[in-house]
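K.L.:
For reference, the chains in residue letters:
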Amino acid sequence: DAKTTQPNSMESNEEEPVHLPCNHSTISGTDYIHWYRQLPSQGPEYVIHGLTSNVNNRMASLAIAEDRKSSTLILHRATLRDAAVYYCILKTGANNLFFGTGTRLTVIP
Amino acid sequence: SAVISQKPSRDICQRGTSLTIQCQVDSQVTMMFWYRQQPGQSLTLIATANQGSEATYESGFVIDKFPISRPNLTFSTLTVSNMSPEDSSIYLCSVALGTYEETQYFGPGTRLLVL
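Those protein sequences? They're chains F and L, same order as listed. For the working numbering, count along the first sequence from 1 and bump the result up by 10. For the working numbering, count along the second sequence from 1 and bump the result up by 4.
Careful: at least some of the hints might be erroneous.
[What the hints assert, rightly or not] SDA-like cross-link-like pairs, simulated, lysine to any residue; straight-line CA separation at most 20 angstroms:
(1) F/Lys-13 x L/Asn-76
(2) F/Lys-101 x L/Asn-76
(3) L/Lys-11 x L/Asn-76
(4) F/Lys-13 x L/Thr-48
(5) F/Lys-101 x L/Lys-11
[Claimed, not checked] One side of the interface only, derived from the structure: several residues of chain L facing chain F at Cβ under 10 angstroms:
(6) Gln-45
(7) Leu-47
(8) Ala-100
(9) Pro-112
Source of the hints: derived by calculation from the structure; they are not laboratory data. For glycine and all other residues, C-beta sits at the position ideal for the given N, C-alpha and C.
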């Protein structure tokens, strides 16, 4: 599976937007970009995924670079409940997920 | 989505003993997975639990240590055998759903401490 690179940690003020970057320069044409997050003491939860076009859902937006070598997860208004470790994962088909170290997001009240 | 439960939620065990963790899903699913999350670490896939056949193990994990059962499409068990303190981890099951089974949903995890 192709590798992703994320910052170890980020901070955001409550109520402000958060942009979580992910680099995946070795992405293949069939790799989808998935984002999961893990809240403290919980299992990971699915956030969003996309292939080429930007995607929006009720939780977040995913902006994908035109060359697909990077992407950004956007939380439009951070809340304290969004404090979690965010994982950017490349995945092809129905195979399993390989988790990297992720970005630990701290939300400051 | 899917509702996934795990039992037990946590346990403290003595070294040399075994613990069986149960994973129950509220719908029939083809693909189920077992992960391990060691303290302060990310998740590592142990195996894919296949209904009606043997589990498929990832490098570094063997059936003798982590036997898995998958008797039907809603249930699986993972046994941690002959435990040592190094097995102290959170063990999570997940299922794949979606049109192409592209999204995984995770259980709450089983927190295991081996003394």
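K.L.:
It remains to establish, for every hint, whether it holds in the given structure.
P.N.:
Hint by hint, here is what the structure shows:
1. A C-alpha spacing of about 34 angstroms is found between F/Lys-13 and L/Asn-76, which places the hinted pair above 20 angstroms, so the restraint is violated.
2. Of the pairs offered as hints, the one joining F/Lys-101 and L/Asn-76 is violated, with about 26 angstroms between alpha carbons and a cut-off of 20 angstroms exceeded.
3. Between L/Lys-11 and L/Asn-76 the alpha-carbon distance is near 17 angstroms, which keeps this suggested pair within the 20 angstroms criterion.
4. For the hint pairing F/Lys-13 with L/Thr-48, the CA-to-CA distance comes to about 15 angstroms; that is within 20 angstroms, so the pair holds.
5. Restraint check for F/Lys-101 and L/Lys-11: not satisfied, since their Cα atoms lie roughly 29 angstroms apart, outside the 20 angstroms limit.
6. Taking 10 angstroms as the C-beta contact cut-off toward chain F, the hint placing L/Gln-45 at the interface holds, the least distance being around 8 angstroms.
7. At about 4 angstroms, the closest approach between the beta carbon of L/Leu-47 and any beta carbon in chain F falls short of 10 angstroms, and the interface hint on this residue holds.
8. Evaluation of the L/Ala-100 hint against chain F yields a held restraint, the C-beta minimum of about 6 angstroms falling below 10 angstroms.
9. A least Cβ separation of about 6 angstroms between L/Pro-112 and chain F falls short of the 10 angstroms threshold, and the interface hint therefore holds.
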